[in-house]
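Can you build the whole structure from these sequences, using the hints too?
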Amino acid sequence: MSDQVTASLASRIGPEMAEFAGVVGDSGPVAVVGARTHWHVGGTADAGAREVRAPSGIWEHEPSEMTVRCGAGTTVAELDAHLARTCQMVPLDPVDAAATVGGVLACGFSGHRRLRYGHVRDLVLQTRHVDAAGKVVTAGGPTVKNVSGYDLPRLLVGSLGKLGLLAEVILRTLPVPPAAQWLEGDGDPFAAFDLLYRPSSILWNGSHAWILLEGDPADVAAEAAKLVSAGFDPCDDPPPIPGAGRESMRPSDLRALAGTGGEWLAEVGIGLVHRHEPVQAAPVSSVNAALMDLLKQRLDPDHRFNPGRRAW
Amino acid sequence: MILPSRSAVLVGYGRGVVSEDAAADAALLADLRKVLGSRARDNDFERGLYSRDGSIEGSSPAIVCLPETAAEVAEIVRICRRHGRPFLARGSGTGLAGGAVPVGSPVVVATAKMDRVVEVDTANRVAWVEPGVLNLDLSRALTPLGFYFAPDPSSQQVCSIGGNIANNSGGPHCLAYGVTTAHIAALEVVLPSGETTILGGVEAEPAGLDLRGLFVGSEGTMGIATKAAVRLTPNAPSVRTLLLDFDDVSEGSAAVSAIIAAGLVPSALEMMDQRAIEIVEAFAHAGYPTGAAAVLLVELDGLPGGVEAGVDIVREVAQKHHVGHVRVAADDEERALLWKGRKNAFGAVARIKPDYYLHDTVVPRSKLTEVLEKVYRIADAYGLIAVNVFHAGDGNLHPILAFDRREPGVDERVKAAGRDIVAASIEAGGVLSGEHGIGLEKRDYMGMLFSTHDMYTQDVVRETFDPDGLANPLKIIPTGSRCSDSFHQHVPEGAWV
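Heads up: the sequence lines are chains A and B, in that order. Be aware that the first sequence starts at 1, since it is given in this note's numbering, and climbs by one per residue. Be aware that the second sequence starts at 313, since it is given in this note's numbering, and climbs by one per residue.
Careful: at least some of the hints might be erroneous.
Part of the chain B face toward chain A, derived, beta carbon under 8 Å [said to hold, decoys possible]: (1) Asp-613; (2) Leu-615; (3) Gln-770.
If you are wondering where the hints come from, they were derived from the structure by calculation, not from laboratory data. From the three backbone atoms N, C-alpha and C, an ideal C-beta is built for every residue, glycine too.
Printed below as a string of structure tokens:
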């Protein structure tokens, strides 16, 4: 029976994987390119690195399984459009939908609805990446629940391709909520967060807040009424989210930014401040940095992947 | 509550495993006693107590330690390193895959005395807790503040948060809210090097690689968690629980897929087959329809509009699939009664046979009927009784093989049937484990899901944390796929390999 199992597994690894692995090869520096929407995150890749692109395409989507399998080079716009046909979504929500799925995951950047839907790494069920030896590695599993083996997918999300190059992912999909409404106002966004049950997003610039409610129409209306009583008014989309820098802090630390701004937009309840200028990454403790360096050393001993960019 | 099978199935490990060198044990104990005093123990009673978990495996530890602080844990790990002795963290021992079975005469580090809720930080919606805090105790402590800890394994009355972290545990309500890893913001851990560090963080985007995500679910092979920042989930304003019965298992399974396809994400969507219904009803007296082929227990929570709309959708879908009755719990008491049956189903199996082996695989929802039929056929072929109580909403099967170990040769039949169930699940596009982990039980099945190179890569990552192979050795990765052979030195003659 186990031979049959192995055979059926092998047949699930598509030809696109082998082709990408062949292009990455087993020697020489390579830089993986998505849509260049996050190109300066972690610094610029060395000019000498050969550029490679992960395969793209939506290869499997079974709506009742709530999963989708696609190439890491697929754009988020394409994925969104495909899933929308069955009223499903993967709330990656990059600032620019031209971004690729692999790019968003490599950066580990959750979108503005993280408050409701969680971190992007919690949407990833299985990864296939090409390692420094040019081989395809599968980790995680295709089902919505899985604890088979070490959680390499979570390690790869946010690793900026320093450990391996994402080639294919299976993502968890969610139903598109039947109703959505933004509200805005000068009320206290922290008090609003406590007032609401699982809002989707609370954006705040230090004096003005935009709040997204999603769900059943009756619930959205009832929650919106609470906000109207607190001085908020229904509105269209919020202002664009600055894309140049992300400053990370504890959610409670955001309060100290009251009255300091207008140029930035913070995610209340998350602790993320989006800025128009790059933000220096926080330092990693020496113990953790040693572990990260060792992981890099063991998984990419010749430092082939994305030289010049730093994930820590 | 999941109770260990009352009698051990002694398969695959040497009896009376003892350390090769009694003098080495004595020296190790003396060093541990300098730190822990009488909380480092080597009496036969306690070594016996910590020799097993909720699985059917067992092996004896050399010494049992009961630390009270993270500093003591770090000291234990450093002492173990000096003595070249493996160590193994243990919570409540309810794990079902043998992850807490001590292999290689290790030092067991029991976290039961580290059971403080250190800080509830509602401003950041996290609570800092020690690993020995029990899952349900935590949610009970949080309820008055308007929150709970979402992962709810069936063993939640007795299982520890540390164990939940080690196994990345799930539970019925993980369908909507995600498994443990989604609810852990940060971890204080003692690494196998003896150093203490914080992985992850309460801040939005902790810098660098997600070592926290890697550690959760690593079954104690990357160190010992001494404190965790767990995320607080707000209590749902409205909850509805429905019981649906079907004359045909395939209609019940089809209803599961149809509910999900209708755009609902119930907070729980559980299924029980006919045998399960009978034994649970005899025990819980919850009014489960004992004549039905299958029941679905569906829970919807959230704001009232969505919940009531969801109830209507579930009714409509169920009727399309020829549901017998739709029972909606009228109040919290009735809701608790319906759940009582589900959460205690495993213990109730003792009504059929004295022993059971609880399995855990995941299959695509669309394959539930097909794989369930295979499970029954496999059990029949091996002369065993299969009972199915499981998380249908995420395709997470829990076939229970009921048996009586006094029957000659039954151990081998139970193990062989288990292996066939795993193989059938993987052939249907599933995985090895949804929430119990790999441990010892499924270690040698990893090759059904992963290539040798996949497993080698996982082991490279493990070895980065534990180059000497001292942290809960020989778990998860099968021996043939490991990077180094250094671990062999810790394995006594005749022990598990």
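Open item on the list: Tell me the hint numbers this structure goes against, listed in increasing order.
Closed with: 1
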